[in-house]
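Visitor: If you read the protein sequences in the order shown, they are chains G and W. Residue 54 in my numbering sits at position 54 of the first sequence; the count goes up by one each step and never skips. Residue 194 in my numbering sits at position 194 of the second sequence; the count goes up by one each step and never skips.
Calculated directly from the structure, the hints in this document are not laboratory data. Just so you know, even glycine gets a beta-carbon here, dropped at the ideal spot from N, CA and C. Check the hints yourself; a few may be wrong.
Stated by the list, open to error - Under 10 Å between C-beta atoms, here's a sample of chain G residues computed to sit facing chain W:
hint, residue
1, VAL16
2, ALA23
3, LEU31
4, GLY42
5, LYS43
6, MET45
7, VAL46
8, LEU68
9, GLU75
Single-letter residue listing:
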Amino acid sequence: MSVWQAEVRVWLKPSVFDPQGAAVQQALRSLGHDGVEEVRIGKSMVLTVRAETAAEAEDQVRAMCEELLCNPVMETYTFTVRPLEEASVGGRAR
Amino acid sequence: MRWAVIVFPGSNCDEDARWAIERATGDAVDLVWHTQASLDGYDAIVLPGGFSYGDYLRSGAIARFSPVMQAVRRAAEAGRLVLGICNGFQILTEAGLLPGALVRNDHLQFRCELCELEVVSADSPFTAGYQPGERIRIPIAHGEGRYIADPSTLDALERKGRVAFRYRDNVNGSLRGIAGILGHRGNVLGMMPHPERAVAEWMGSVDGLRVFTSMRVWHEARAKGGVEVG
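Sequences are here, hints too, so could you generate the full structure?
Guide: Written out as structure tokens, the structure reads:
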């Protein structure tokens, strides 16, 4: 069993207006950053997950996104999974 | 008629809702803690406004997992009346009992003001006491009340008379100005404005009273076998 770190990013679907992003874009423009075409603001969540393999960890995180972390009516998500540490074998079996 | 007002950690309009319903209908109203798994015996269930679970993750996202929500779902399926006000509306959309979602107001402001609405559908247990097209005044108090759904869902809501209320002056950028929608059988209503805050002259409006009196009239008629939902 290994420990994995997943970083989940959730943000509004492109079709949904993001008023926070628009406000930040205006603020950036007022600072002289004229080249900012668009700002979209989302959330980043870091999860520590125990799983046998990276694929299993990914399956778990995907299910979490679908069930709770992301509301597909308004949001979309991506995530990455990387090994955090090799946990000692012979620990709890799943 | 027996009413339950559900109390989640972070609900803050529960007492107001109880007071308003008692005033409007003369019925007794129970406050029901969210850990209760049964709502048997209640004819109407109200999910009040507030900030359940601190609005963590998304408004209403965590409340959906409270034990009482399974009972709310069963009550809705059984044709009993379920009314979600403000955060209660957000919870109903997160739970999938109503379509769409409520997101940050387009101007980013938290708006707390008396608001003019149009009664779009007066053909529901919650709105039968209003005239279609009637203009009423009910306060809003929210930062995340902009109703969104995909175009086909919006079309279906409008075609099937499931838009209950529309903002006269779209205060939050809701798609098609939607302030309240009905479930597919008509026995579930979610609305961002607070009818419980418009039940006495000193509140500035009494236009919210008829939400509760309509529910009572509908229930009484149904109890006599006069009306069936959906």
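Visitor: Hint by hint, which ones does this structure get wrong, listed from lowest number up?
Guide: 3, 4 and 7
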